[in-house]
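Assemble chain B onto chain A, guided by the hints.
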Amino acid sequence: MKANRIVLRIVLYLFISFLALLSLLPFFWMVSTSLKAREAIYAIPIQWIPKEPSLEAYRAIFHLTNIDFVRGFINSVFVSVLLTLLPLLSSAMAAFAFAKIEFRGKRVLFSTFLLTMMIPGTITMIPNFITLRLLGLLNTYTALVLPALSSSMGIFLMRQHFIKIQDEYLEAAIMDGASLYRLFFTIVLPLAKPVLFTMGLFNFMGAWNNFLWPLIILTQRKKWTLQLGLANLGSNFYNYQHYQMAGALISIIPIIIVYLISQRYVEQGLSTGGLKA
Amino acid sequence: MKRTIRIGVAILLVLTMVLPVFSAGKAESGKTTIRYANFSAGESNAETLRKMVDLFEAKNPTIKVELESMGYGDNYWTSLITRIAGGDPPDAFELNMEQFLAFTLRKSNRALDDLFAKTGTDVNLFGEGLLDAVSFDGKIMAIPQSFSTVVLVYNKELFDRANTPYPRADWTWDDALQAALKISALGKDIWGTFNPIQFWEFYKVVQQNGGGLMTPDGKELTINTPQNVASLEYMLDRMWKYHVMPTVEEQAGRPEADMFVDGKLGMWLNGVWAFTDLKDRVKFPWGIEMEPGNLTKATHFFGNVGCISTTTKYPEETFKFLTFMATDPDVVQLRLDAQWELPTVGDPTVMQRYLADTPPDNKEAVLNSLQYAVKPPALLQFSELTNIVNTKIEQARDGQLTAKQALDQAQAEAREKIRL
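Sequence lines, in order, name chains A and B. According to the numbering used here, the first sequence holds residues 1 to 277 in order. According to the numbering used here, the second sequence holds residues 1 to 420 in order.
It should be emphasised that the hints constitute simulated quantities derived from the structure, not laboratory data. No experiment lies behind these values; they were computed from the predicted model shown. Note that the Cβ used here is the ideal one computed from N, Cα and C, for glycine as well. Hints should not be assumed to be uniformly reliable.
Far from chain A by the CB rule (all over 10 angstroms, computed), these chain B residues [claimed, not checked]:
(1) Ala46
(2) Glu68
(3) Lys188
(4) Asn368
Facing chain B, a subset of chain A residues (Cβ under 7 angstroms, in silico) [claimed, not checked]:
(5) Val70
(6) Phe129
(7) Leu135
(8) Leu138
(9) Gln227
(10) Ala231
(11) Asn232
Okay, chain A solo, but in the shape it has when bound (with noise of 0.2 angstroms):
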């Protein structure tokens, strides 16, 4: 009985280990290319570790005549923190009212907000650039952040986690004279941590990550964000695969810096934020 328990566990382990192996491997085969040069790239048979290792890919996307790969990073780190807060705070806000305070068509409105989660961000791409368009908009980040205000994902998320805060707290603080802003900032986003940071991580890796929206919305490359600019290194007839490799190595580092810090709340935001649903 005890040695058949023992068996299994072995079993299932290397199992799981062999799914683990097979999900790093494309991360190995990005770090390999990285390290290629480019004749290696596609040799046959493939030299999984290269045979002349190099970091000159890593130098030279620092050198290259269309992207300028450093401003694209900043460009990057600016949109994600901007993707990042103001959803979070235009949510919240929505969420708080949605879940705390009364008032005439809440339902059908928060109904609406859902049925938005039904149709697929590629059936409002156009009527949004359309909008963006006559608001005189494109090619600015304003035409990035402003569609992402109203995230129905987002306020549906954190609308049930404020509905789990006691209404005795807040009808304690509203008998000392608390406002309605007090409440929001003082009782309700403190409590709110752990969903707020489980968020703010979501927020954060989909705009670090984004691609097709301000593929449209962004034509002047100075403004481009790195994806963008990896993504467009390829032309007609060369291929700048050991280049993309490494720039989107360097490119996972500000994402594991912010899961890192927000890895403890993450946690219990997981765990108690309605996720789990």
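Just chain B now, kept in the frame of chain A:
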């Protein structure tokens, strides 16, 4: 409480202050700014493109060109199509020949005949056949910017060993086959020729045989006509009947370029872009010639063209820019120096340096091939047609269908699914 209000107000203030900063800058006064979306420069020719535009701006101080350069691939088409659909097209945009008809059929680009007349631009500035290639319904729809043709590349050493004369410009299918047979006889894994068996090759080969995939008026599909069936049979026979070309199994995943470099292919079709690579890698003497035809010649032509948006406010300035980028002598020289495809000017003297750069000799074949350039069939559902026909051709290639069966099935399926 006051504190939180203050924080709230501060956040709002910061928002209102920060957001407008990102708005686009206004154009400099007294200057017309035109936007040029392009992809063919990529990273490798970005500097050359910048130099070309600088030349233009220096000679046209009232026009400023905003380059919207992207890499080649889906990104470019996604961005361009959305911008056209969303009402914010660039004034000028680059297309390749494969996409040119699709955009033209959707009326994204304007006809240029009036601008040729108005600016007194001579149509003879452009190489023979090039303006025909960008004409649609009798109107010039784009300015050809650069082109590449496909030619027959051959291994002189194998021809010598097989004791057979080198290809000539007037060669037909049969001449090529006779030479291929002799070369294939030289040994195992030595092949007379390599011509891929797929849709792109097929629509060209049928035209060499006097056929086509549609009637000239574009109202009827003619995929399975007798001369088309004969064309596909000819393509297949090289593999199955005469054995002068490797089957998929015999090729065993080796790229054709490597097989040629290793001296295993007598003849091979490839674009002029391959010359640089071949020059580096090929150790034996090699040459080029126009592709053999049958009843007539037909060759592949790849090119990038500049289009003017239907809605641009500055058609004349944009036209001036695109013609400059194609024909100005300094621009042409920059293009030749960078070996960034071939310039589209007709003046033979500018090509002297290109022609003189050997190997291969007989570079004239590159330019002469242009006279026989064929266009892919013009229809909106082009990619669907490609899929239908290609699937059947590949089944024939793999021996699952005969040429006639494959084309009959393709015709039936295409007739059902494609509206003309």
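(request) Using Cβ atoms only, decide whether Gln227(A) comes closer than 7 angstroms to chain B, and label the hint accordingly. (result) Since chain B brings no Cβ nearer than about 10 angstroms to Gln227(A), farther than 7 angstroms, the hint is violated.
(request) Please confirm whether Lys188(B) is truly not at the interface, meaning its C-beta sits more than 10 angstroms away from all C-beta atoms of chain A. (result) 22 angstroms, holds
(request) Classify the hint on Ala231(A) as holds or violated, based on whether any CB of chain B lies nearer than 7 angstroms to its CB. (result) This interface hint holds because 6 angstroms falls under the 7 angstroms limit.
(message) Restraint: Leu138(A) near chain B, CB-CB cut 7 angstroms. Satisfied or not?
(response) This hint holds: Leu138(A) lies near chain B, its Cβ roughly 6 angstroms from the closest one there, short of 7 angstroms.
(request) Mind checking the CB of Phe129(A) against every CB in chain B and telling me if the closest is under 7 angstroms? (result) Nearest chain B Cβ about 4 angstroms off; hint holds.
(message) Is the claim that Glu68(B) lies outside the interface with chain A correct, judged by CB distances over 10 angstroms?
(response) The claim breaks: Glu68(B) does not keep its Cβ more than 10 angstroms from every Cβ of chain A (closest is about 4 angstroms).
(message) So Ala46(B) supposedly isn't at the interface. Is its beta-carbon more than 10 angstroms from every beta-carbon in chain A?
(response) 4 angstroms, violated
(message) Does Leu135(A) hold up as a contact with chain B if the rule is Cβ-Cβ below 7 angstroms?
(response) Hint violated; Leu135(A) Cβ to chain B Cβ min 10 angstroms, cut 7 angstroms.
(request) Answer holds if the nearest beta-carbon of chain B is closer than 7 angstroms to that of Asn232(A); otherwise answer violated. (result) With a minimum Cβ separation of about 4 angstroms from chain B (threshold 7 angstroms), the hint on Asn232(A) holds.
(message) Less than 7 angstroms between beta-carbons is the criterion; does Val70(A) satisfy it with respect to chain B?
(response) 16 angstroms, violated
(message) If I take the minimum Cβ distance from Asn368(B) to any residue of chain A, is it greater than 10 angstroms?
(response) 23 angstroms, holds
Hints 1, 2, 5, 7 and 9 from the earlier list are contradicted by this structure; the remaining hints agree with it.
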